[in-house]
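S.K.: Sequence:
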Amino acid sequence: MRRSPHPDMKTIKAIRGMNDISPADVSYWQLFEDTARSVLDAYGYQEMRPPVVERTELFKRSVGEGTDIVEKEMYTFEDRSGDSLTLRPECTASCVRAAVEHGWLRGGGVRIWHIGPMFRYERPQKGRYRQFHQLDVEALGFPGPEVDAELILISARLWKRLALKNIRLQINSLGAREAQVAYRQLLVDYFGSHRDVLDEDSLRRLGSNPLRILDSKNPNMQALIADAPAPVDHLDAQSAEDFEALKSALNDSGVDFEVNKRLVRGLDYYTGTVFEWVSDELGAQNAVCGGGRYDNLIEEIGGPSTPATGFALGIERLVELLKVQQIDTGATSPHAYLVAVGDRAGQLALPLAERVRDESPGLRLIVDAGEGSFKAKLKRADRSNARFALIMGDAEAEAGTVGVKDLRSSDPQTTVAQAEVGGFFKKHVLN
RNA sequence: GUGGGUAUAGCUCAAGGGCAGAGCCUCCGGUCGUGACCCGGGAGAUGCCGGUUCGACUCCGGCUGCUCACCCCA
Numbered sequence: 080m081r082r083s084p085h086p087d088m089k090t091i092k093a094i095r096g097m098n099d100i101s102p103a104d105v106s107y108w109q110l111f112e113d114t115a116r117s118v119l120d121a122y123g124y125q126e127m128r129p130p131v132v133e134r135t136e137l138f139k140r141s142v143g144e145g146t147d148i149v150e151k152e153m154y155t156f157e158d159r160s161g162d163s164l165t166l167r168p169e170c171t172a173s174c175v176r177a178a179v180e181h182g183w184l185r186g187g188g189v190r191i192w193h194i195g196p197m198f199r200y201e202r203p204q205k206g207r208y209r210q211f212h213q214l215d216v217e218a219l220g221f222p223g224p225e226v227d228a229e230l231i232l233i234s235a236r237l238w239k240r241l242a243l244k245n246i247r248l249q250i251n252s253l254g255a256r257e258a259q260v261a262y263r264q265l266l267v268d269y270f271g272s273h274r275d276v277l278d279e280d281s282l283r284r285l286g287s288n289p290l291r292i293l294d295s296k297n298p299n300m301q302a303l304i305a306d307a308p309a310p311v312d313h314l315d316a317q318s319a320e321d322f323e324a325l326k327s328a329l330n331d332s333g334v335d336f337e338v339n340k341r342l343v344r345g346l347d348y349y350t351g352t353v354f355e356w357v358s359d360e361l362g363a364q365n366a367v368c369g370g371g372r373y374d375n376l377i378e379e380i381g382g383p384s385t386p387a388t389g390f391a392l393g394i395e396r397l398v399e400l401l402k403v404q405q406i407d408t409g410a411t412s413p414h415a416y417l418v419a420v421g422d423r424a425g426q427l428a429l430p431l432a433e434r435v436r437d438e439s440p441g442l443r444l445i446v447d448a449g450e451g452s453f454k455a456k457l458k459r460a461d462r463s464n465a466r467f468a469l470i471m472g473d474a475e476a477e478a479g480t481v482g483v484k485d486l487r488s489s490d491p492q493t494t495v496a497q498a499e500v501g502g503f504f505k506k507h508v509l510n
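Every letter in the first sequence is one number past the one before it in the numbering used here, and letter 33, counting from 1, is 112.
Check before you lean on any hint, since a few could be wrong.
EDC-like cross-link-like pairs, simulated, lysine to aspartate or glutamate; straight-line CA separation at most 16 Å [said to hold, decoys possible]: (1) Lys296 <-> Asp268; (2) Lys244 <-> Glu126; (3) Lys326 <-> Glu399; (4) Lys151 <-> Glu201; (5) Lys340 <-> Asp312; (6) Lys239 <-> Glu112; (7) Lys340 <-> Glu355; (8) Lys139 <-> Glu378; (9) Lys402 <-> Glu360.
Here are the in silico distance ranges between beta carbons for each label pair [as the list claims (entries may be wrong)]: (10) Asp280 <-> Ser117: 17 to 27 Å; (11) Glu433 <-> Tyr200: 19 to 29 Å; (12) Gly345 <-> Glu180: 40 to 50 Å.
Simulated from the structure, these hints should not be mistaken for laboratory data. All values derive from a computational prediction rather than experimental measurement. For glycine and all other residues, C-beta sits at the position ideal for the given N, C-alpha and C.
Please model the complete structure; the sequences and the hints are all you need to start from.
M.R.: Okay, structure coming up:
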């Protein structure tokens, strides 16, 4: 086995900000995915799988031209025919595009979800990567606050099923478009009359995205921000009513929340209710899950005027929480490890293992029939975390039996028993 | 895009302007009631380029990577 790379050979490494998920970590991902699938199924949501690449135009129209995502974070390129394409930076736009394109909205609304990779060209740091994964849940075609509550309850149930703790829910309402426009002007006037206090970033945003000034962390601006008008105090009547209904629904369902008047979101399409689940255990990137209502988006990308709401959950961040909180993933190890030593045993090991797998579906059996010393193979068997080592020399091979050693036994001198293989599994492993 | 930290073996860490060490891992052998434990042995490293110097892994500069923070968001 070669230990070092060829001296002249440059090793090829993964792209910056794009990570391999190792076998050691994958059990966390599977735990999350299995749980999400099961919870979403319980609410009648159906999986869909849009492509990873879309026309650049889709994101410009949905996420918003003035947002950081569109302005400087997209992986955009021309294909060979000169069309501008983009690796999706989020997938609400794709879900909505698909629903419009295929007429899914004609039945009175759809509940859909998707898990997959998203791409943003950002400087990587803890909880922020250039390829990252989201669970996206969207309810298209439902107007009331009940559906917003449903989405929050889905996420709350996810935390519960995963046994995650210390995730706080923050909610806010941004109001419908007309109210947003009026409020935005109010805000521009307010900050405009205090230009001397604003920092460089905020001055820039005053023209482009004044809402974002509200969640600036600059200590010099905190007093100014605290006194600034908040969107939730300037809602249209319908949004205000819906927000109250949402709060009641959460209270009635026993979900704790806090109203964060300064919670705004970085995508332009949100209207009305927005929410975020945050954790203190993730460093600077503390939002695990965020979403809200986007009643204008479907129309804005060319579909029928349709209310909609949804959320996205960052899987890397969630997996980080699972690790920090030491959640047991029930990671699987092999049931048995078949050690074959000798020419005849080596020949018969694979067919024998096949026979056993035929008889015992669900069995995990690793076969070690290649070259190598008996000692090395037994050592590997031990390291594999298998419960049993099945030991087969030429004599056993001929007889169709194996020696069996209980590797997890505390007694180092566990008796080596002879056993017929299939019968052994039926008796010890699978009942 | 901006700033801080950092870069020694597969991993975790030492050392230090003059032969780069250890533990884990790994490989071979011994012990042995076939693993582990224990004993003996082997393999394996200073990110890249330049400067200072008799001499640089060490000091200096640049680059690159990683990392954290700003920013942004999941």
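S.K.: It remains to establish, for every hint, whether it holds in the given structure.
M.R.: Going down the list of hints, with the structure as the test:
At most 16 Å may separate the alpha-carbon atoms for a hinted pair to count; lysine 296 and aspartate 268 exceed this at roughly 21 Å. Proposed proximity of lysine 244 and glutamate 126 is contradicted: the alpha carbons are some 27 Å apart, above 16 Å. Straight-line distance between C-alpha atoms of lysine 326 and glutamate 399 comes to about 29 Å, which puts the hinted pair past the 16 Å bound. For the suggested pair lysine 151 and glutamate 201, the alpha carbons sit about 8 Å apart, so the restraint of at most 16 Å is met.
Only pairs whose Cα atoms come within 16 Å are accepted, and lysine 340 paired with aspartate 312 is accepted, the gap being roughly 9 Å. Distance restraint check for lysine 239 and glutamate 112: the Cα-Cα separation of roughly 14 Å lies within the 16 Å cut-off, and the hinted pair is therefore satisfied. The suggested pairing of lysine 340 with glutamate 355 holds, with an alpha-carbon distance near 12 Å, which does not exceed 16 Å. The suggested pairing of lysine 139 with glutamate 378 holds, with an alpha-carbon distance near 14 Å, which does not exceed 16 Å.
For the suggested pair lysine 402 and glutamate 360, the alpha carbons sit about 11 Å apart, so the restraint of at most 16 Å is met. In this structure the hint that aspartate 280 and serine 117 lie 17 to 27 Å apart at CB is violated, the actual value being about 43 Å. For glutamate 433 and tyrosine 200, the Cβ-Cβ distance of about 48 Å falls outside the hinted range of 19 to 29 Å, so the restraint is violated. Between glycine 345 and glutamate 180 the beta carbon distance is about 26 Å. The supplied range of 40 to 50 Å is therefore violated.
The structure does not agree with the numbered hints 1, 2, 3, 10, 11, 12 stated previously, though it agrees with the rest.
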